Amino acid sequence: MTATPHAGRTARRRRVSGAVMAAPALLLFGLFGVLPLGGVLVLGFADWDGLGTISWSGADNWTAVFTDAATWDALWLTVKVMVISWVVQTPISLALGVFQAPAARWRAVLAVLWFLPLVLSAVAIGLAWQALLDPSFGLGSVPGLGFLAEPLLGSPDLALYTVIFVIAWQFIPFHALLYQAGVRQIPAALYEAAAIDGASRVQRFLVITLPQLRYTLITSSTLMLIGSLTYFDLIFVLSGGTGGPGTATRVLPLAMYITGFQSHDMGRASVLATTLVVFGLVLSLLITRLSRFTAMDSQQEGLT
Amino acid sequence: MTTTTSRTTPPSRVVLGQAAGGGRRGWTHPATRTARHVVVGASSLFWTALVVVPLYWIVITSLRDQADFFTTSPLTPPSDPTLDNYGLVWSSGFPTYLLNSVIVTVAAVALTLAAALMASYVVVRFNSRSSRWFFRLFLLGLAIPLQAVIIPVYLLIIELHLYDSLLAIVLPSAAFAIPVAVLVLVGFLRDVPRSLYEAMDIDGAGEWRILWSLVLPLTRPALTTVAVYSGLQVWNGFLFPLILTQNPDRAVLPLALTAFRGQFGINVPATMAAVVLSTLPVLALFMIGRRQLVAGLTAGFTK
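Chains as they are written, first to last, in my numbering: chain F, 1 to 304; chain L, 1 to 303.
Watch out, some of these pointers could steer you wrong.
[As the list claims (entries may be wrong)] Sample of chain L residues at the chain F side, in silico, Cβ under 10 angstroms:
hint : residue
1    : Thr61
2    : Ala67
3    : Ile150
4    : Phe188
5    : Thr279
6    : Arg290
It should be emphasised that the hints constitute simulated quantities derived from the structure, not laboratory data. Quantities reported herein were computed from a predicted structural model and do not represent experimental measurements. Every residue gets a Cβ at the ideal spot worked out from N, C-alpha and C, and that includes glycine.
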């Protein structure tokens, strides 16, 4: 623009427009995202039943929560769900994603079917599996599926694994989708070169596909681990809101909900929520660290 | 197409990082190949069955009468299919819950799109320190799990006198959809050539004019992606409605489903009819715009 007296005014007007445009997102996210992040830490020092007035209670909630064996049980269950979910979901998602990637008609038809769980809500999935796994009228009464006629969700030993299975059923399609997108971005030239080189299919998978998918692997693993850390909806529905039988599926988010909204102890629930936040942040930092370590090499190695 | 070149014979060795593997030839024995096809085929069929059988069961169960449910094998189609369960669900307040879900989803998505589009434009267009901070805030936001902050959000909603209203679901849902939306839109807007903005600057267009007649039409595909992704999240969202509303008249579909489960009790076919009905709108969208849905689901996480 030419240097006229108008320039200054234009620049100021631009800044004002910019601020106005930024305001709604900033306000909404600040109010419901950032502010509560501080709020949850503060409420950990409060005494509040969720309805009445809030009073301060010092560090009581913290000592109460961390000397309670139930907290450590919930933490341990959360870690178990996270680790087992990752171990189960990653190889299956990777295999399905690699399978779906080539453009063939019958693969496309299968892929449409495989994506269907993505459109169901966690509540719908929970209600359906609860009925499907009913020992008397569920799948267990189909000839050949008799092994399912156990109280899978009702047994303290099996409930957690059953929940992990249903979580996998819900989320594998999404992660397969991520891997599929990842595979499709691998330059075809790499495979052509490897074929000319005489690399077998297994070699090509190990030497090209897997290394090229490491960013997808990091993304998918991050979402899986953080996702199962905070997972609530499905476990809530499958256990009828109790995290049961007993406390067999009472992971940290459920323990928080029950403490806060059923036992009306928001202070202790906030301590549990803060634990969740810290756990999540440490996990993200750890994954970023680890992934930066592998991100040092070029993603396009072999091409240049 | 990337995996069909396995039998090309090597004319000469091409330099390729680590892929050489000692010069083994890419030819596999036919028996090995057949075995591989059997394994791949069987596993994909197994997974397909694992996905399809429960879905099939949901549909046929919703068409049974209750007596049939207790006497017939679960996977046998009903001898006398009936829509009575759907009638029962419909007359148990379903239209109200459907309307609530539509209102909440449309409002939250509209709010997300408007706020995120303006915010992304600011991030891309104003290359200042505050705009970079602004962007970093949303990146941080991606790491905030909504489950962890639900108690302060609950307190906030009470203080704002919004408890037990649809707006109580809309505002936090939009707030938590904004970070991903900004991330996707910023990635998209960064690819718009600077010269387009500059041309409009020279024409003397203000920021609002540029946003409206340049950015909005250009970002339409990305906006569709964001709308689909956030729409699905809000439609299926459970925690905000569970905590922030109470009156059955304000219930959205996921919440209503759990209520139906309690109300219908052992009438599993009716519960499954409710499951089908609550999924139909999303399923219809899935049929029309599967591509957008797939793009929407992965957009924030692939590059």
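Looking at the structure, which of the earlier hints fail to hold?
2 and 4
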